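All chains should be built: construct the whole structure from the sequences, respecting the hints.
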Amino acid sequence: MNVYIAADNIVSPLGFTSDENFERLKQMETGVKLISGSSLSVEDVFASVIDDEQLEKEFQKLHAGQEYTKLEKMVLLSVTDALKQNKNIDITSSKTLIILSTTKGNIDLLGKEEGNRFDKKRVYLWETANVIGKYFNNPNQPVVISNACVSGVLAIITGKRLLEEGNYDTMVVAGVDIMTHFVVSGFQSFKAVSNEIAKPYDASRNGISLGEGCGTVILTNDKQKVDNLEMKIKVMGGASSNDANHISGPSRTGDGLLLAIEKTLKDSGVTASEIDYISGHGTATIFNDDMESLAVTDAKLAEVPMNSLKSYFGHTLGAAGVIESIVGIHSMRKSMLIGTYNFKELGVTAPINIIRDTKELEITNCLKTAAGFGGCNAAVLFQKEN
Amino acid sequence: MNNYITAVCAIKNGKVMINDKVDFTNNAAGSDVDFLKSVYLHYQVSYPKFYKMDSLCKLAMVASELLIKTNKITERYKSEDIAIVIANSGSSLEVDTEHQKAISDKVNYFPSPAVFVYTLPNILIGEIAIRNKIKGENTFFIFDKFDAEFMSSYVNSLLNSNKEECCITGWVEFYDNNYEAFLITVEKNKEGNLNITNTKEELTKLYINQAQLAAS
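Same order as they appear, the protein sequences are chains H and S. For the first sequence, counting from 1, position 87 maps to 87 in this note's numbering; every step adds exactly one. For the second sequence, counting from 1, position 163 maps to 163 in this note's numbering; every step adds exactly one.
Calculated from the structure, these hints are not laboratory results. All figures in this text were calculated on a predicted structure; none of them were measured in a lab. Hints may be right or wrong, so weigh each one.
[Said to hold, decoys possible] The calculated DSSO-like cross-link candidates involving lysine-lysine, where the alpha carbons are at most 27 Å apart (straight line), are:
{"hint": "1", "chain 1": "H", "residue 1": "70", "chain 2": "S", "residue 2": "106"}
{"hint": "2", "chain 1": "S", "residue 1": "78", "chain 2": "H", "residue 2": "300"}
{"hint": "3", "chain 1": "S", "residue 1": "200", "chain 2": "H", "residue 2": "95"}
{"hint": "4", "chain 1": "H", "residue 1": "120", "chain 2": "S", "residue 2": "106"}
{"hint": "5", "chain 1": "S", "residue 1": "21", "chain 2": "H", "residue 2": "120"}
{"hint": "6", "chain 1": "H", "residue 1": "266", "chain 2": "H", "residue 2": "300"}
{"hint": "7", "chain 1": "S", "residue 1": "21", "chain 2": "H", "residue 2": "121"}
{"hint": "8", "chain 1": "H", "residue 1": "84", "chain 2": "H", "residue 2": "70"}
{"hint": "9", "chain 1": "H", "residue 1": "112", "chain 2": "S", "residue 2": "106"}
{"hint": "10", "chain 1": "S", "residue 1": "15", "chain 2": "S", "residue 2": "200"}
{"hint": "11", "chain 1": "H", "residue 1": "87", "chain 2": "H", "residue 2": "61"}
{"hint": "12", "chain 1": "S", "residue 1": "12", "chain 2": "H", "residue 2": "121"}
{"hint": "13", "chain 1": "S", "residue 1": "37", "chain 2": "S", "residue 2": "101"}
{"hint": "14", "chain 1": "H", "residue 1": "84", "chain 2": "H", "residue 2": "191"}
{"hint": "15", "chain 1": "S", "residue 1": "106", "chain 2": "H", "residue 2": "33"}
{"hint": "16", "chain 1": "S", "residue 1": "78", "chain 2": "H", "residue 2": "266"}
{"hint": "17", "chain 1": "H", "residue 1": "134", "chain 2": "S", "residue 2": "106"}
{"hint": "18", "chain 1": "S", "residue 1": "188", "chain 2": "H", "residue 2": "266"}
{"hint": "19", "chain 1": "H", "residue 1": "70", "chain 2": "S", "residue 2": "101"}
{"hint": "20", "chain 1": "H", "residue 1": "300", "chain 2": "S", "residue 2": "133"}
{"hint": "21", "chain 1": "S", "residue 1": "21", "chain 2": "S", "residue 2": "72"}
{"hint": "22", "chain 1": "H", "residue 1": "223", "chain 2": "H", "residue 2": "266"}
{"hint": "23", "chain 1": "H", "residue 1": "234", "chain 2": "H", "residue 2": "84"}
{"hint": "24", "chain 1": "H", "residue 1": "359", "chain 2": "H", "residue 2": "234"}
{"hint": "25", "chain 1": "H", "residue 1": "95", "chain 2": "S", "residue 2": "145"}
{"hint": "26", "chain 1": "S", "residue 1": "133", "chain 2": "H", "residue 2": "266"}
{"hint": "27", "chain 1": "H", "residue 1": "223", "chain 2": "H", "residue 2": "95"}
[Stated by the list, open to error] Simulated restraints, written as ranges between beta carbons of each label pair:
{"hint": "28", "chain 1": "H", "residue 1": "90", "chain 2": "S", "residue 2": "150", "range": "14 to 24 Å"}
{"hint": "29", "chain 1": "H", "residue 1": "360", "chain 2": "S", "residue 2": "2", "range": "50 to 60 Å"}
{"hint": "30", "chain 1": "S", "residue 1": "13", "chain 2": "H", "residue 2": "67", "range": "29 to 39 Å"}
{"hint": "31", "chain 1": "H", "residue 1": "167", "chain 2": "S", "residue 2": "49", "range": "34 to 44 Å"}
{"hint": "32", "chain 1": "S", "residue 1": "149", "chain 2": "H", "residue 2": "224", "range": "47 to 57 Å"}
{"hint": "33", "chain 1": "S", "residue 1": "22", "chain 2": "H", "residue 2": "227", "range": "33 to 43 Å"}
{"hint": "34", "chain 1": "S", "residue 1": "49", "chain 2": "H", "residue 2": "62", "range": "41 to 51 Å"}
Backbone N, C-alpha and C fix where the C-beta goes; we use that ideal spot for every residue, glycine too.
Structure below.
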């Protein structure tokens, strides 16, 4: 069974549509900047944060009526725009399922100020998903995936698998996380946050930049629903794995990610030599990027052009896999690889081919990888249909 | 294609149920965490990392330990052929609340990495994976209650598509004075003591049965 990409959207500081975001990426403009005097952090911090006023302005256009949390607003805007991209998609159909990918959801509601405005139940991820499903009049109970930083990639893989089971013909996969004091303080306590904009794979990298955003990708197994798209892109396969090594650090050898990549290639019926582009995880921590370089090399992919988008969007946690996959899909549509912002000198264990400047290249097979806390890894493969 | 539930371990209401029998009861524990410690000690688990874990992972750790002991899946399958697919309702909100408390006061401001690392529900999958060297597929789902239909069909598709040979699956919840573990192994062949077909109906029956045992 073929599973196609029917529509997509990115909501981030770089824009409220995928096209707006991609245009900014092409120019190598980043959404990460120095945030000071904010309730998000006790000390100044580099992060990619959506302007509250702009979000509110965009959200007013939806005339949503009742009150929604910041995270929900981002999802409602993102899904609404994705639906606008493809008139063949009916989100109210019983054959359409919503999958929500998020690590922390409405975690800001645990704080007193935000928490007092909403029902206590709203902090449960399934309730957040129900609120979203209800807004769009979708009749099915949404599925929520919360699996650290691989959530987004897992949500796309899960969407494909659920389509293959045959009960649905459309999956609306939304990945979202917001910047909160909760998350920033946690990563700061880990000493994992960079004191400059993250530098993925670079010799002088010293940690992550955090970010917020929402990505929506709509999948369908009904080819008629993508007849309006000139280029048809398929989700070929995917897999996840566990390092079984450490809960807060990646495997030193990259064996877990390697396993996910190998299983993905097998699931997709594609060989390593056919991969044209890798959208990496590239958090810009010392250990993650080293681990990835080893896994990619062991998978015989060392020469394949690879980038990280973490220095543009920050690490958007549960949204990252979806947002970065969408950029990969647009790279395929536009034959344009995005350069890795802030990457100057390769500084990882194994030599890999990091894309420095945005450049044109025709892409048939795009591999998206991710890794996260809990020792989890995941990969998914997108292919252009001839 | 039929797949089979080959073992079950449930922990709820001061009781440990293994393969449909109450195996251990302790109603005298001071707190839910004290009860989990008593389970750990009673079964002589011997894994000192247990004490570092948050409550949700402690529960998952002992339940998975007792489950795997009954049918030795880690000896029978390769590490990459075993999947772990678990769900709950409250995510990691128990420890989330603890982290929130540590950062809510600007004067007494003490976020701890040892606490923060547990603020993701899939960490419990990581703990099970590390303890048992399991490297297969892992996914953590969130539902308002145990969804036998979704879980059985998701796991069946994982096995039927030959992505994995065996799966540890179920429900692990620890939040808001409510704890519950219900873990099963699902395999392609009848390998264990239970050998219940992994369907929505059978899984629902098994789940309800464990809850009734816990309440007995």
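Against the structure, the hints come out as follows:
1. For the hint pairing residue 70/H with residue 106/S, the CA-to-CA distance comes to about 24 Å; that is within 27 Å, so the pair holds.
2. For the hint linking residue 78/S to residue 300/H, the alpha-carbon distance of about 23 Å falls within 27 Å, and the restraint holds.
3. In summary, the hint linking residue 200/S to residue 95/H is supported, as the alpha carbons are separated by about 20 Å, within the 27 Å threshold.
4. This hinted pair checks out: residue 120/H and residue 106/S have alpha carbons roughly 24 Å apart, not beyond 27 Å.
5. Distance hint between residue 21/S and residue 120/H is unfulfilled; the C-alpha atoms sit about 37 Å from each other, more than 27 Å.
6. Taken as a hint, the residue 266/H and residue 300/H pair is honoured in the structure, with Cα atoms around 14 Å apart against an allowance of 27 Å.
7. Using a Cα cut-off of 27 Å, the hinted pair residue 21/S and residue 121/H is violated, with the two alpha carbons roughly 35 Å apart.
8. Under the criterion of a C-alpha separation no larger than 27 Å, the hint pairing residue 84/H with residue 70/H is consistent with the structure, at around 21 Å.
9. Proposed proximity of residue 112/H and residue 106/S is supported: the alpha carbons are some 14 Å apart, at most 27 Å.
10. For the given pair, residue 15/S sits about 25 Å from residue 200/S by alpha-carbon distance, which is consistent with the 27 Å threshold.
11. Restraint check for residue 87/H and residue 61/H: the C-alpha separation of about 19 Å stays at or below 27 Å, so the hint holds.
12. Distance hint between residue 12/S and residue 121/H is fulfilled; the C-alpha atoms sit about 23 Å from each other, no more than 27 Å.
13. Restraint check: the Cα-Cα separation between residue 37/S and residue 101/S comes to about 25 Å, which is no more than 27 Å; the hinted pair holds.
14. With a CA separation close to 42 Å, the supplied pair residue 84/H and residue 191/H exceeds the 27 Å bound.
15. Taken as a hint, the residue 106/S and residue 33/H pair is honoured in the structure, with Cα atoms around 24 Å apart against an allowance of 27 Å.
16. Simply put, residue 78/S and residue 266/H have alpha-carbon atoms about 18 Å apart, close enough for the 27 Å limit, and the pair holds.
17. For the hint linking residue 134/H to residue 106/S, the alpha-carbon distance of about 38 Å lies beyond 27 Å, and the restraint is violated.
18. For the hint pairing residue 188/S with residue 266/H, the CA-to-CA distance comes to about 21 Å; that is within 27 Å, so the pair holds.
19. A distance of roughly 22 Å separates the Cα atoms of residue 70/H and residue 101/S; the hinted pair therefore holds under the 27 Å criterion.
20. Restraint check: the Cα-Cα separation between residue 300/H and residue 133/S comes to about 25 Å, which is no more than 27 Å; the hinted pair holds.
21. At most 27 Å may separate the alpha-carbon atoms for a hinted pair to count; residue 21/S and residue 72/S meet this at roughly 19 Å.
22. Taking the CA atoms of residue 223/H and residue 266/H, the gap is near 24 Å; set against the 27 Å cutoff, the hint holds.
23. Simply put, residue 234/H and residue 84/H have alpha-carbon atoms about 20 Å apart, close enough for the 27 Å limit, and the pair holds.
24. Using a Cα cut-off of 27 Å, the hinted pair residue 359/H and residue 234/H holds, with the two alpha carbons roughly 23 Å apart.
25. Proximity of residue 95/H to residue 145/S is assessed by CA-CA distance (about 22 Å); at most 27 Å being required, the pair is judged to hold.
26. Distance check on the hinted pair: residue 133/S and residue 266/H sit about 23 Å apart at the alpha-carbon level, within 27 Å; holds.
27. For the given pair, residue 223/H sits about 15 Å from residue 95/H by alpha-carbon distance, which is consistent with the 27 Å threshold.
28. Restraint check, residue 90/H to residue 150/S: a C-beta distance of roughly 22 Å satisfies the suggested window 14 to 24 Å.
29. At about 52 Å, the beta-carbon gap between residue 360/H and residue 2/S stays in the expected band of 50 to 60 Å.
30. For residue 13/S and residue 67/H, the hinted distance range of 29 to 39 Å is satisfied, since their beta carbons lie about 38 Å from each other.
31. At about 40 Å, the CB distance of residue 167/H to residue 49/S agrees with the hint of 34 to 44 Å.
32. Our hint of 47 to 57 Å for residue 149/S and residue 224/H is violated, since their Cβ atoms are close to 28 Å apart.
33. The hinted window of 33 to 43 Å between residue 22/S and residue 227/H is violated, with their beta carbons roughly 59 Å apart.
34. Separated by about 48 Å at the C-beta atoms, residue 49/S and residue 62/H satisfy the suggested range of 41 to 51 Å.
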